[in-house]
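Undergrad: Sequence:
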Amino acid sequence: MSASPPPSRRARKLATNAEAPAAAPTVAEQLAAGDAMDDERLPTAQLERAAFGEHVLPWSPPAPVVPPSVAPWALVVAIIALVVSLFVGVLLPLGVIGLVMSIISLRRAHDSRRVASWALGLSVVSIVFSAGWLFWALPQLSTV
1 MSASPPPSRR ARKLATNAEA PAAAPTVAEQ LAAGDAMDDE RLPTAQLERA AFGEHVLPWS
61 PPAPVVPPSV APWALVVAII ALVVSLFVGV LLPLGVIGLV MSIISLRRAH DSRRVASWAL
121 GLSVVSIVFS AGWLFWALPQ LSTV
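Numbering (UniProt numbering), first residue to last: 1 to 144.
These are computed hints drawn from the structure, not numbers from a lab. It is possible that part of the hints are untrue.
As the list claims (entries may be wrong) - Ranges of calculated distance between the beta carbons of each label pair, as one might list FRET restraints: (1) Val66 x Ala131: 35 to 45 Å; (2) Leu134 x Ser69: 26 to 36 Å; (3) Ala63 x Leu134: 40 to 50 Å; (4) Ile103 x Ala131: 17 to 27 Å; (5) Ser60 x His110: 19 to 29 Å; (6) Arg108 x Ala137: 35 to 45 Å; (7) Arg107 x Val128: 55 to 65 Å; (8) Pro62 x Ala11: 27 to 37 Å; (9) Ala11 x Pro64: 46 to 56 Å; (10) Val76 x Ala109: 19 to 29 Å; (11) Pro68 x Arg12: 51 to 61 Å.
Using N, Cα and C, we set each Cβ at its ideal position, and we do this for glycine too.
Can you make the complete structure from the sequences, with help from the hints?
TA: Take a look at the structure:
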């Protein structure tokens, strides 16, 4: 009970063209013949015509995703490092972290240069204060 598959659209076109070999059909006639065969085609069949014209939208790449800014975080770390360095010098690495983050944000094109510059300045001041505390405190740790 194996039924032979129905003829393809290309085979039907060749059969209709073989019946009238006298004149070559024009493009309009081929399109009209194709539209006449569309009633027999399944609705999920592949279309054989490409869509051209003004209704086709040109392809454009998606907008690039901008990574989050580092400058505000560098400023927050620099402010915390400065406040802490006014009282103790042991958080010198926090000032260094703020310095590195501000340099990174200065090198990025989309980060705010003003915020990154403030973070850089405050980080340098916090490092100076922390180093001052450490230079003052280390000689006082004499062994008795």
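Undergrad: With reference to the structure, classify each hint as holding or not holding.
TA: To see whether the hints hold, each was checked on the structure:
no.: 1; hint: Val66 x Ala131: 35 to 45 Å; result: 37 Å, holds
no.: 2; hint: Leu134 x Ser69: 26 to 36 Å; result: 32 Å, holds
no.: 3; hint: Ala63 x Leu134: 40 to 50 Å; result: 48 Å, holds
no.: 4; hint: Ile103 x Ala131: 17 to 27 Å; result: 18 Å, holds
no.: 5; hint: Ser60 x His110: 19 to 29 Å; result: 21 Å, holds
no.: 6; hint: Arg108 x Ala137: 35 to 45 Å; result: 37 Å, holds
no.: 7; hint: Arg107 x Val128: 55 to 65 Å; result: 23 Å, violated
no.: 8; hint: Pro62 x Ala11: 27 to 37 Å; result: 42 Å, violated
no.: 9; hint: Ala11 x Pro64: 46 to 56 Å; result: 48 Å, holds
no.: 10; hint: Val76 x Ala109: 19 to 29 Å; result: 21 Å, holds
no.: 11; hint: Pro68 x Arg12: 51 to 61 Å; result: 59 Å, holds
Figure legend: structure checked against the earlier numbered hints; hints not met, in rising order: 7, 8.
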